[in-house]
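Full structure from sequences and hints, please.
Here is what each chain is made of, one letter per residue.
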Amino acid sequence: GIQVEQSPPDLILQEGANSTLRCNFSDSVNNLQWFHQNPWGQLINLFYIPSGTKQNGRLSATTVATERYSLLYISSSQTTDSGVYFCAARDRGSTLGRLYFGRGTQLTVWP
Amino acid sequence: DVKVTQSSRYLVKRTGEKVFLECVQDMDHENMFWYRQDPGLGLRLIYFSYDVKMKEKGDIPEGYSVSREKKERFSLILESASTNQTSMYLCASSLGGSEQFFGPGTRLTVL
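If you're matching them up, the sequences are chains F and C in order. Heads up: the first sequence at position 46 corresponds to 46 in this note's numbering, and the numbers run straight through without jumps. Just so we're on the same page, this note's numbering is the position in the second sequence counted from 1, plus 1000.
Note that these hints are calculated values from the structure, not bench results. It cannot be assumed that every hint is accurate.
Sample of chain C residues facing chain F (criterion: CB under 10 Å; computed from the structure) [claimed, not checked]:
hint	residue
1	Y1035
2	L1043
3	D1059
4	P1061
5	N1084
6	G1096
Heads up, the beta-carbon is just placed ideally off N, CA and C, and yes, glycines get one too.
Given below as structure tokens:
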């Protein structure tokens, strides 16, 4: 399977700051998702973004499939943005839909 | 909206007990997945299913089995629970290789 690496592993911000989370993957993909894990453990879908750029409020994401990376941007961060952010990818050769996950970025936003 | 539900949010069992974790999705997805999440190890795939009565081993199937008798329901079975199976269990579903959606998770403690 493909390798998915996320950076940084930990990020601490003051409320109002902007941040960029990175996801690198080792092979061609045809599915790339970003998730936020809330304090109760549920994975919330943020973006389904195999390529291109999408925006949703203060969050946006860009995937450059040819260069094998994706970025998640958080602007004007709020304390409710705290939690773990996961990137997950499905390799192009797979037809069964399984995702490979990175280890996550632990984001802490202080008031 | 896609809804994935899991039978319990918290579960406490004793070593040697047979444990059933149930997952139900309401969007007619053919693919369903069971993951476990442990601190420092991220999400690891246990089993997945791409059709009724079909199953595939993931990365850590040892000590687990699964059952998929109906399209909407995917069960994870711990035949004889052990303390090293204490973990957070997450179920997910997807339509083919498209966006994957997760349930709220079950925190299982085996004493």
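Do the hints match the structure? See the list:
no. : hint  : result
1   : Y1035 : holds (8 Å)
2   : L1043 : holds (4 Å)
3   : D1059 : holds (8 Å)
4   : P1061 : violated (13 Å)
5   : N1084 : violated (19 Å)
6   : G1096 : holds (6 Å)
When held up to the earlier numbered hints, the structure conflicts with 4, 5 and fits the remainder.
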